[in-house]
Amino acid sequence: MADTAIETAPPAAQFDPEMVRQITKPPLVTNNRDFHWVTEKVSGIVEMKTPMWWWIAFFPAAVLAGCCIGGFVYLISTGVGVWGQNSPVMWAWDITNFVFWIGIGHAGTLISAILFLTRQKWRTSINRAAEAMTLFAVICAGLYPGLHVGRLWMAWYLVPVGNANAIWQNFRSPLLWDVFAVGTYFTVSVIFWYVGLIPDLATLRDRATNSVKRFAYGLFALGWRGGNRQWRNYEKAYLILAGISTPLVLSVHTIVSFDFATSIVPGWHTTIFPPYFVAGAIFGGFAMVLTLMLPARHLLGLQDLITKKHVDVMAKIILLTGSIVGYAYIMEFFIAWYSQNPFEQWAFLRNRISAPFTKWMFDVPDAPYWWAYWAMMSCNVISPQIFWSKRARANLWIVFAVCMCVNAGMWFERFVIIVTSIANDFLPGSWGMYSPTWVDIITFTGSFGLFLSLFLLFCRFLPMIAMSEVKGVLPAADPHFHPPGHDAPGGGDHSTGLGGGVRMTTPAPSTGH
Amino acid sequence: MSDTLTVTNPAGTSAVAAVQRTFGIAAEFSSAADLYHAAEKCRDHGFKKWDVHTPFPIHGMDEAMGLGNSKVSLIALSAACTGTVLALMLEFIPSIWLYPLVVHGKPLNFFTVPAFFPVIFEFTVLCCAFGCLFGMLALNRLPRWNHPLFNWERFGKFSDDAFFLSIEADDPKFQETRTKDFLEGIGAKNITLIYE
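In order, the protein sequences belong to chains V and E.
Sequential numbering of the first sequence, starting at 1, is according to the numbering used here.
Sequential numbering of the second sequence, starting at 514, is according to the numbering used here.
Over the 12 angstroms line for every Cβ pair with chain V, so calculated as not near, a few chain E residues: (1) Q533; (2) V598; (3) Q688; (4) D694; (5) F695; (6) G698.
Each computed DSSO-like pair below joins lysine-lysine, with the alpha-carbon atoms no more than 30 angstroms apart: (7) K702(E) x K41(V); (8) K309(V) x K121(V); (9) K121(V) x K584(E); (10) K41(V) x K670(E); (11) K41(V) x K213(V); (12) K702(E) x K561(E); (13) K670(E) x K49(V); (14) K670(E) x K121(V); (15) K670(E) x K561(E); (16) K41(V) x K309(V); (17) K49(V) x K213(V); (18) K670(E) x K213(V); (19) K584(E) x K670(E); (20) K670(E) x K686(E); (21) K702(E) x K670(E); (22) K121(V) x K316(V).
Quick caveat, the hints were computed from the structure, so don't treat them as lab data.
What you are looking at is a predicted structure, and each value in this text was computed from that prediction instead of being measured.
A virtual CB, placed ideally from N, CA and C, is assigned to each residue, including glycine.
All chains, full assembly: derive it from the sequences and hints.
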């Protein structure tokens, strides 16, 4: 990895090159790539012949997506009873899957909006793919509550429009808030994603080799000309979109958590839910971003754009949010004890926690769902702790393994919250265990196929890295940057922002990776 | 550096060129830094109808071109306010007037407003996002799929790695030869006359 070399010019001999190297951050794009390389690399993915691995990945994903659609067709034509939920567990895998997928989407918005506002320039090479992931995850999420209503043809009752019965929605219900939150989230994510895509679609238009491509990309590029009179409006719009997406993404999972927190069910009725859900969403989302990006980075040769630094930073975010989630798990349990509410204590100890290996601590019978609770605990709280080690964060296999644990753990978290709380609540006479049917299983596993198929199609037809943004963070994009051997006006004293005489030099780009 | 004036003329005859309306002159600069300094000189020279075309937004170019703040924020703000008002009406008209429904034992009057906040917030954000998108497109006069600049065969490189500057013929200071000389003087390359 060739770092940007720093030279000290004669008048500033007091700058020790080693010191300058230490205070200079590693480059966002390694190997000193230029603008044209970025264009070629990213557009090349779209323009190349479809590689064999793409078909190998796409075919099973599409089959799985087909199973998902088949399961839903069977469900709609037969009735929602083909799913396993029944009294007392009326919300089961469907709502678990909904919360799971919607949470995954949150990392995309965090990367594109919150990291934009906080000027984290490293986001530029992952934001496009992460935003696409957001959209596909929200599509998967939206299927479940839509079908959970049972009679799908009545789903329009969710929308406040006048109807023959003169019935209106209850605007004070969290379930209706959800309709607005998820609907807005999806729409705003599409807008944000599309606005980001416009300049890159123009690149693909200008490079198109046949008229079909030129027409298709040109249509969606809207005639973009890259004029600064356009960029200034564009940048302002992008900034505002980032600004409104930030509270939006926090509100969406907050409102999802209200579905539970505003009820009186022990295990759901908790004020810690909104921040806990948001942290969990970001946690699970980053794991999914890495799950997709690590193979994509390798298969598409994007090592110079998605560098080890990116992986390292994302692993740190997983560690942080995972620890917040762990704190929330423990705090819930503490409050159950501290409140001395017997129902709350029951929900935690007797429904979730007490396991064969906790006998030494709590002398109570095993909880019916202890395996789910402890799967969640070990995947979400214990496994990310390995990221305290820098070596673990640098080992992509370890990172990938932890991400897979987190993906599984976050699904278990929602299962634990939803199913265990209502399986055994106030009345022992109405207790019951939940078990999924085959329709539950194919509609859940099939959603991964749907998600992956959409993501693979995205990689094939759209620029998966925001070219214009990556070019904007290259050193040569700085209007005060001057290449070596080129005397900058004013004595070159503003090349690095380090003061007199320090000048950045860029060796010629190497051809390999 | 090219010092000849290339004429873009698809028909290939000068007679046709004479009746074609001139859109303006476009030129190329070798780097973001060069374009930045060229823009400062264009601004100081007093041009009004001109633009720079770059693969990415260049930091500080608004000042270099002497442009003020973008109006997108105003449009977004008004769209957001519209959203708030619409959401208030959407919630209160049915909940208080058309279909009063007592739930959670809450009163029907305005004091239950916290329960109405989530929808108000979401709808405000939704309208603001639409305001941003359509405001940005309207201010940029997009979509416009055809533009004289696309007649220049080099122009497609703006979305790759080229830095262009274009001065429109409608600019009060525009004079074909003088503007060309000016661009040459500030270090432009591939100075080209663009026809509509």
